[in-house]
Amino acid sequence: MHVTETLVRHVARLARIELSDGEVAAMVPQLDRILGHVEAVANVDVADADPASADAVPSAALRPDVAAPSLERRVVLRNAPATDQVFFLAPKVLED
Amino acid sequence: MTSPLDLPVAEMAARVADRHDSLKAADLVDAALARVRALDGRVRAFLHVAEEGARRAAEALDARVARGEAVGPLAGVPLAVKDNLAVAGMPLTCASKILGGYVPPRDATVVARAVAAGAIVLGKTNLDEFAMGSSTENSAFGPTRNPFDLERVPGGSSGGSAAAVAAGMAPLALGSDTGGSVRQPAALCGIVGHKPTYGRVSRSGLVAFASSLDQVGPFARTTQDAAALLRAIEGPDPLDATSRAFPAARPAAGLSGLRVGVVEELEGAGGDPEVAAAVGRVRAALLARGATAVPLSLPLSKAGIPVYYLVAPAECSSNLARFDGMRYGARVDAPEVEPLYARTRDAGFGAEVKRRVLLGTFALSAGYADAYYKRAMAVKTRLRVELAAAFSRCDVILSATSPFPAFRVGEKAGDPLSMYLCDVLTVTANLAGVPAASVPAGLTAGGLPVGAQLWAAEGHDDLVLSVGAAVREATGLGYVAPAIAKEVA
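Chains as they are written, first to last, in this note's numbering: chain A, 1 to 96; chain B, 1001 to 1489.
Hints were generated in silico from the structure; no laboratory data involved.
Don't take every hint at face value.
Said to hold, decoys possible - Facing chain A, from chain B, some residues (calculated, C-beta under 10 Å):
hint, residue
1, Ala1351
2, Ala1363
3, Ala1378
Said to hold, decoys possible - Coverage of chain B stretches by chain A, computed from C-beta distances (three or more under 8 Å per stretch; other residues unrestricted):
hint, region
4, 1004 to 1013
5, 1318 to 1327
6, 1415 to 1421
No residue lacks a Cβ here, since even glycine has one placed at the ideal position from N, Cα and C.
Please model the complete structure; the sequences and the hints are all you need to start from.
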């Protein structure tokens, strides 16, 4: 896999990170070198291995479905960057 | 003995719990705060010192003792907490700008349990941003320094917790270990650090990095002290579905007949000859006391770093999607929602976090997920099987923890891959879910600590820690205070 600026910009868009041109340029050789190393996984024979069973833990018993108090609204909103005391505020995503 | 802070934790707590003893929790907290004031301007282990809260908690505990109430096995013991664990009312930063101003409304389960056992939270410690790094240099608030040499790194990502214990500022600390982040800084700072079996300790209230690998673990000066903290925090928690109970510990094994695995692929793995010699001395001491060496091969351990640096970034790219400038933390405003997300995340995350999010996003993206992420998960499965087979032939594996002692601040900063290779001896235990601890194995000629790593089969945390105690007895090597710690009482 050869990492290009186009690939870095595509992945950054998927990850919702607006990289500057300088950041993109720096990221290309770094990711290229890292991917060159981790591609060694391709050389391991995994014919009989199930990727899903890599999950380390046998499925835990579900806890009882009992209603419990949740955090108070004012406590939750206290950490938000923008609220109207009732809702989180975000830019409009639907047209009027 | 110059300070009660230097007592074994069990003795410290027993004295605080004894209403007739003159030692009070308030004395321990005052002594710890005095050391922080004297040393932390240079070490920079703490991001937040809870001076007033710690004093209040100590006084409250002393009042309970005076009333004749029972207090727990960590009564009055100052505890440093890695700043990716929630403590109600204290800022939680993950050493990132993106959490700017966030104050969690509740304690992480491990914090609540340690406090219920009597521990006093002294403050929050520095880390590589979101626990991504091996040197504590990737912190938005600047690096932590190694107490043995202030020009060198303490290791990471839990470098602040390790440095706080090594410098004597706190007898106990909590860290998190996703690929070695408790064990490697413990090794570089000359103390004990334990990564418990996956599922032994709840992660509720730990900011998630790579959920299939993350585990909270203790730092201490001795394995006995580390075990005391592990006892307090372990056990199933309804708030973490991966947490579970393990059968009672098997009795501490003597060294006679103990089968010590020596893994061909891990011997001297790209490492420093002084580190290899130190681990060799530990092995020789165990064998001289009746243990037997079992030569082993773990061919897939060579794939540990490639697997880890696909699986962990993939999971982090998903876990860190929650930092979007909406519900908590910093926000860079924009007229539309997509640029708001993307600008907030560009401004809020540091370079290493962005690198890993991009790497993980790539490994999970359409067209590449089969060749990268799924392939890595399949190798992870094979690795677990290979390690389980190894533990049918030996009781513990002995290796180095880090290939080299503490390196200089800035030495690896320009080369992310060389930093990743610091984890070559530690990631395998995370990928396989098994317990592993780093214990002190002496100092190099230059006075830098070296750590020996002990691993065991799933659930055998107590075996790891009891063999760690036996290593100390057999070698006479254990925590020694760095020169800087001797400047203060």
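Hints, one by one, checked against the model:
The restraint placing B/Ala1351 at the interface with chain A holds, with a minimum CB-CB distance near 8 Å, inside the 10 Å limit. Restraint check, B/Ala1363 versus chain A: the minimum CB separation of about 8 Å is within 10 Å; hint holds. The restraint placing B/Ala1378 at the interface with chain A holds, with a minimum CB-CB distance near 4 Å, inside the 10 Å limit. Counting residues of the region 1004 to 1013 of chain B whose beta carbon lies closer than 8 Å to any beta carbon of chain A gives 0, which falls short of the minimum of three for the stated coverage.
Here the region 1318 to 1327 of chain B counts 5 residues with a CB under 8 Å from a CB of chain A, which clears the bar of 3, and the coverage holds. Only residues whose C-beta sits within less than 8 Å of a C-beta in chain A count toward coverage, and the region 1415 to 1421 of chain B has 3 of them, enough to reach three; the restraint holds.
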